[in-house]
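J.: Here are the chains, one letter per residue:
There are 2 protein chains.
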Amino acid sequence: MAPRKKQAPEPNTTIPVSMADLARELGVSMTTISRALSDHYSIGPAMKQKVLKLAKKYNYQPNRLASALRKGKSQLLGIVVPYIEGRFFPSVVHGIESAASKAGYNVIICQSNEDVAQERRNLDILLSAQVAGVLVSLSRTTRDFRHFEKLRSRGMPLVFFDRIVEGDNVNAVVLDDQEGGYVSTRHLIEQGCRRIAHIAGPQHLNIYKNRRQGYLDALREAGLPEDESLIVYTDMIQSQAIDAMRDLLASPIPPDGVFAAGDYGALGALQEVHRQGLRVPQDVAIAGFSNETFTVVTEPSITTIDQRCEEMGQAAVRLLLELIEADGRPFAPRQVALRPELLVRNSSVRNSSVRNSLVRHPEGERLVEAAAKASKLA
Amino acid sequence: MAPRKKQAPEPNTTIPVSMADLARELGVSMTTISRALSDHYSIGPAMKQKVLKLAKKYNYQPNRLASALRKGKSQLLGIVVPYIEGRFFPSVVHGIESAASKAGYNVIICQSNEDVAQERRNLDILLSAQVAGVLVSLSRTTRDFRHFEKLRSRGMPLVFFDRIVEGDNVNAVVLDDQEGGYVSTRHLIEQGCRRIAHIAGPQHLNIYKNRRQGYLDALREAGLPEDESLIVYTDMIQSQAIDAMRDLLASPIPPDGVFAAGDYGALGALQEVHRQGLRVPQDVAIAGFSNETFTVVTEPSITTIDQRCEEMGQAAVRLLLELIEADGRPFAPRQVALRPELLVRNSSVRNSSVRNSLVRHPEGERLVEAAAKASKLA
DNA sequence: TTGTATGCGTTATCAG
DNA sequence: CTGATAACGCATACAA
Numbered sequence: 258m259a260p261r262k263k264q265a266p267e268p269n270t271t272i273p274v275s276m277a278d279l280a281r282e283l284g285v286s287m288t289t290i291s292r293a294l295s296d297h298y299s300i301g302p303a304m305k306q307k308v309l310k311l312a313k314k315y316n317y318q319p320n321r322l323a324s325a326l327r328k329g330k331s332q333l334l335g336i337v338v339p340y341i342e343g344r345f346f347p348s349v350v351h352g353i354e355s356a357a358s359k360a361g362y363n364v365i366i367c368q369s370n371e372d373v374a375q376e377r378r379n380l381d382i383l384l385s386a387q388v389a390g391v392l393v394s395l396s397r398t399t400r401d402f403r404h405f406e407k408l409r410s411r412g413m414p415l416v417f418f419d420r421i422v423e424g425d426n427v428n429a430v431v432l433d434d435q436e437g438g439y440v441s442t443r444h445l446i447e448q449g450c451r452r453i454a455h456i457a458g459p460q461h462l463n464i465y466k467n468r469r470q471g472y473l474d475a476l477r478e479a480g481l482p483e484d485e486s487l488i489v490y491t492d493m494i495q496s497q498a499i500d501a502m503r504d505l506l507a508s509p510i511p512p513d514g515v516f517a518a519g520d521y522g523a524l525g526a527l528q529e530v531h532r533q534g535l536r537v538p539q540d541v542a543i544a545g546f547s548n549e550t551f552t553v554v555t556e557p558s559i560t561t562i563d564q565r566c567e568e569m570g571q572a573a574v575r576l577l578l579e580l581i582e583a584d585g586r587p588f589a590p591r592q593v594a595l596r597p598e599l600l601v602r603n604s605s606v607r608n609s610s611v612r613n614s615l616v617r618h619p620e621g622e623r624l625v626e627a628a629a630k631a632s633k634l635a
Numbered sequence: 258m259a260p261r262k263k264q265a266p267e268p269n270t271t272i273p274v275s276m277a278d279l280a281r282e283l284g285v286s287m288t289t290i291s292r293a294l295s296d297h298y299s300i301g302p303a304m305k306q307k308v309l310k311l312a313k314k315y316n317y318q319p320n321r322l323a324s325a326l327r328k329g330k331s332q333l334l335g336i337v338v339p340y341i342e343g344r345f346f347p348s349v350v351h352g353i354e355s356a357a358s359k360a361g362y363n364v365i366i367c368q369s370n371e372d373v374a375q376e377r378r379n380l381d382i383l384l385s386a387q388v389a390g391v392l393v394s395l396s397r398t399t400r401d402f403r404h405f406e407k408l409r410s411r412g413m414p415l416v417f418f419d420r421i422v423e424g425d426n427v428n429a430v431v432l433d434d435q436e437g438g439y440v441s442t443r444h445l446i447e448q449g450c451r452r453i454a455h456i457a458g459p460q461h462l463n464i465y466k467n468r469r470q471g472y473l474d475a476l477r478e479a480g481l482p483e484d485e486s487l488i489v490y491t492d493m494i495q496s497q498a499i500d501a502m503r504d505l506l507a508s509p510i511p512p513d514g515v516f517a518a519g520d521y522g523a524l525g526a527l528q529e530v531h532r533q534g535l536r537v538p539q540d541v542a543i544a545g546f547s548n549e550t551f552t553v554v555t556e557p558s559i560t561t562i563d564q565r566c567e568e569m570g571q572a573a574v575r576l577l578l579e580l581i582e583a584d585g586r587p588f589a590p591r592q593v594a595l596r597p598e599l600l601v602r603n604s605s606v607r608n609s610s611v612r613n614s615l616v617r618h619p620e621g622e623r624l625v626e627a628a629a630k631a632s633k634l635a
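For the record, the sequence lines run as chains A and B. So for the first sequence, our numbering puts the first residue at 258; every next one is plus one. So for the second sequence, our numbering puts the first residue at 258; every next one is plus one.
Since the hints were derived computationally from the structure, they do not count as laboratory data. All values derive from a computational prediction rather than experimental measurement. Treat each hint with caution, since some may be false.
Subject to a maximum C-alpha distance of 27 Å in a straight line, what follows is the list of computed DSSO-like cross-link-like pairs (lysine-lysine) [said to hold, decoys possible]:
#1 A:Lys330 with B:Lys314
#2 A:Lys330 with B:Lys328
#3 A:Lys305 with B:Lys407
#4 B:Lys313 with A:Lys330
#5 A:Lys407 with B:Lys314
#6 A:Lys328 with A:Lys407
#7 A:Lys314 with B:Lys407
#8 A:Lys330 with B:Lys330
#9 A:Lys407 with B:Lys307
Sample of chain A residues at the chain B side, in silico, Cβ under 10 Å [as the list claims (entries may be wrong)]:
#10 Thr271
#11 Leu326
#12 Ser331
#13 Arg344
#14 Ser355
#15 Gln387
#16 Lys407
#17 Arg409
Here are the simulated distance ranges between beta carbons [unchecked claim]:
#18 A:Arg536 with B:His461: 40 to 50 Å
#19 B:Asn316 with A:Arg586: 22 to 32 Å
#20 A:Asn316 with B:Asp372: 18 to 28 Å
#21 B:Arg596 with A:Ala589: 47 to 57 Å
#22 A:Gly424 with B:Ala323: 27 to 37 Å
#23 A:Asp584 with B:Ala277: 17 to 27 Å
#24 A:Ser496 with B:Pro509: 37 to 47 Å
#25 A:Thr271 with B:Ala323: 21 to 31 Å
#26 B:Ala323 with A:Arg586: 23 to 33 Å
#27 B:Gly424 with A:Asn608: 56 to 66 Å
#28 A:Arg397 with B:Gly424: 36 to 46 Å
#29 B:Met304 with A:Lys313: 45 to 55 Å
#30 A:Asn316 with B:Arg591: 27 to 37 Å
#31 A:Glu371 with B:Thr271: 21 to 31 Å
We treat Cβ as the ideally placed atom computed from N, Cα and C, and that holds for glycine.
Whenever a hint applies, use it, and build me the whole structure from the sequences.
T.: Written out as structure tokens, the structure reads:
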């Protein structure tokens, strides 16, 4: 029996209306109703109008569950991210939701909390929910990828973003970190730096490895020596960057520029340079990576790389929709690498004419205002 | 006809298995399968084991769509937020998702982009998706609340958070902003400030109105005069706060403390005080609001109010689940106000002994590390 | 152009 | 304790 409440309903309670109800009211078949509502070709315009009008009158809401059950595909996309915090993932999710909703899809969001087991469970849940496709950014503890095999065997469209399974048989969207390291370093070189240090992150993580490689590429291109003593490996946290910078400044020939593979590294470097009474960017120019919110509020503001978070989300959705539309037909997997954007700010600009024009760093202000807007109600 | 592909399936493609399949294989009825899987009381333990084993063998995944369709309720919660960016909303969503998934629910997330029309559309979509309940933070352009009436008439459980519909006939979770303004100001008073300015936000927004009221409460309690010339109204952005601070410092008796109703206000104040060669906190102590990420990286770090974002999400889910479980039975609406947490940092601590112990501001470091962790892969 | 009939996968009811 | 059956709301193959 239907679980419809037979008991006396609450005072102002409306019971939802179904296609069958509309059909009965109009004295036509459900088929007709269905066709009118889904804008099927074989439907008389007069009939269609009548149906639409009645639907509006009764405030008809299609039941997407029923539709999805029947069609075997819902209008839902699943997202699995390690967590929804910090600057990066929320922005990507923002991009995903926007792109998805524009295409008529909604998103179910799951957090793996950096835990493979939970990642696995999330995938199962999304399968159960009959989502049309899945977007995944890997948990840090994921070393074994069999659970994704399961999705594949079920024919579930799958796109990775940011933290991806390496290889050319997966669909994925990433930032071109190597390019990011390259343009940052080249920028420092263009500003006259000749001895550029690198505050590196953990090299088992691809992003940091690639940023370092980009740094080396730029040095090589400029004919500058690759000096391992100028590279300090850290966990990319502020305190370690401070130590790193202290060591670098204590060396016989201290650096005149620093490319940090993360903004917290750049921040630590900036603080230590200041502490030693040196000037940024005149004595040491600094560039970071990730466009953290704080990079525009430091004194001076920090040059950094924007990771195109929203674009990443959009690109991932685009790819996923293609995959969904392919509907099981052969589809050549694609890996998309987004071009990072160098945001030049005061921590790196030595040319004074350029510098003056940058003092107001408009893109920075935009960022600050956007962030202020984004922070609660402000 | 079922849309099951009749064409030759892809090489390693598995077709999903249903209860009917299991029933056939075991030679029992679907009813039995259903009961075994849903742990119904009237099922033999032997039978149950057999079924569970077979389910595992075939990797059975229940179809939640079918279940929800039949039961008239899904295991989905809907969230409508203005956007997923900045510090606040992502954290709340994080809290919501965690609490929901712990209770066996998943969340569909929708952005209104500060647009009532989209907010309305989102609610319709969520109704269509047959969610079990809805969590809403109002768009800024929402002045008319009839669309929520529709949810109510459908008996859809609804909880507001942060940006709520005022009144005691709604379920809502908010931060106690007045308390926040109060404890911040009292803290400044305890640090010896006797002339405390207030950088206020737009007063048509409740949060800012309430923070201002809390500020006044603290002054009154301490017997300090309420001086309107010490209150500057801004849109809570950095540039306006700089101007505000300049004016305040130019007055005949400049303030020795500033409570800003937002961290961007505190930041601007800090910068202007420094620019004028004054010291923070010795000459002017400063406190902000919202615990933005940058408040721990400024020099000095900024005392602020934590908004309990995650707790807010959790509380909202708790309330919503109660509502869902009440299942239409009379439920007295409840408004929950979370206690804000004062985070004392260097911008406000004048007592040197306390100050030294705070130089490392452990909660700040935790924050920084968490943020670093949260920023991409770091 | 419209109608009839059936099934998607699950669960509730009722009878054994 | 188990089974047969109907129904949730919708979409489609097929007949008219």
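J.: Look at each hint and say if it fits the structure.
T.: How the hints compare with the structure:
Taken as a hint, the A:Lys330 and B:Lys314 pair is honoured in the structure, with Cα atoms around 25 Å apart against an allowance of 27 Å. A hinted pair counts as satisfied when its Cα atoms are at most 27 Å apart, and A:Lys330 with B:Lys328 qualifies at roughly 19 Å. Taking the CA atoms of A:Lys305 and B:Lys407, the gap is near 26 Å; set against the 27 Å cutoff, the hint holds. For the given pair, B:Lys313 sits about 24 Å from A:Lys330 by alpha-carbon distance, which is consistent with the 27 Å threshold.
The suggested pairing of A:Lys407 with B:Lys314 holds, with an alpha-carbon distance near 14 Å, which does not exceed 27 Å. This hinted pair checks out: A:Lys328 and A:Lys407 have alpha carbons roughly 21 Å apart, not beyond 27 Å. Restraint check for A:Lys314 and B:Lys407: satisfied, since their Cα atoms lie roughly 14 Å apart, inside the 27 Å limit. The suggested pairing of A:Lys330 with B:Lys330 holds, with an alpha-carbon distance near 18 Å, which does not exceed 27 Å.
Taken as a hint, the A:Lys407 and B:Lys307 pair is honoured in the structure, with Cα atoms around 24 Å apart against an allowance of 27 Å. Proximity of A:Thr271 to chain B holds as hinted, the smallest CB-CB distance being about 4 Å (cut-off 10 Å). The closest approach between the C-beta of A:Leu326 and any C-beta of chain B is roughly 5 Å, which is under the 10 Å cut-off, so the hint is satisfied. About 7 Å separates the beta-carbon of A:Ser331 from the nearest beta-carbon of chain B, less than 10 Å, and the hint is met.
Given hint, A:Arg344 at the interface with chain B, holds; its Cβ is 6 Å from that chain's nearest Cβ, closer than 10 Å. Hint on A:Ser355 holds. Least Cβ distance to chain B is approximately 7 Å, under the 10 Å limit. Interface restraint check: A:Gln387 against chain B, minimum CB-CB distance 5 Å, threshold 10 Å, status holds. The beta carbon of A:Lys407 comes within 8 Å of a beta carbon in chain B, closer than 10 Å, and the hint placing it at the interface holds.
Annotation: interface hint on A:Arg409 holds; nearest CB of chain B at approximately 8 Å, less than 10 Å. Separation of A:Arg536 from B:His461 is about 44 Å and conforms to the stated range, judged on CB atoms against 40 to 50 Å. A hinted range of 22 to 32 Å holds for the C-beta pair B:Asn316 and A:Arg586, which are about 25 Å apart. Taken as a hint, the range 18 to 28 Å holds for the pair A:Asn316 and B:Asp372, whose Cβ atoms sit roughly 21 Å apart.
A hinted range of 47 to 57 Å holds for the C-beta pair B:Arg596 and A:Ala589, which are about 56 Å apart. Taking the beta carbon of each, A:Gly424 and B:Ala323 are about 35 Å apart, inside 27 to 37 Å as hinted. The given range of 17 to 27 Å is respected by A:Asp584 and B:Ala277, whose C-beta atoms sit roughly 25 Å from each other. Checked against the given bound of 37 to 47 Å, the beta carbons of A:Ser496 and B:Pro509, roughly 44 Å apart, stay inside it.
As the Cβ distance of A:Thr271 to B:Ala323 is approximately 25 Å, the hint placing it in 21 to 31 Å holds. The beta-carbon spacing between B:Ala323 and A:Arg586, approximately 27 Å, falls within the hinted interval of 23 to 33 Å. For B:Gly424 and A:Asn608, the Cβ-Cβ distance of about 59 Å falls inside the hinted range of 56 to 66 Å, so the restraint holds. A:Arg397 and B:Gly424 have their C-beta atoms about 45 Å apart, which keeps the hinted 36 to 46 Å range intact.
Evaluation of the 45 to 55 Å hint for B:Met304 and A:Lys313 yields a pass: the beta carbon distance comes to about 50 Å. The hinted range of 27 to 37 Å is satisfied by A:Asn316 and B:Arg591, whose Cβ atoms lie roughly 29 Å apart. In this structure the hint that A:Glu371 and B:Thr271 lie 21 to 31 Å apart at CB holds, the actual value being about 29 Å.
Hint check: no violations occur; every hint is consistent with the structure.
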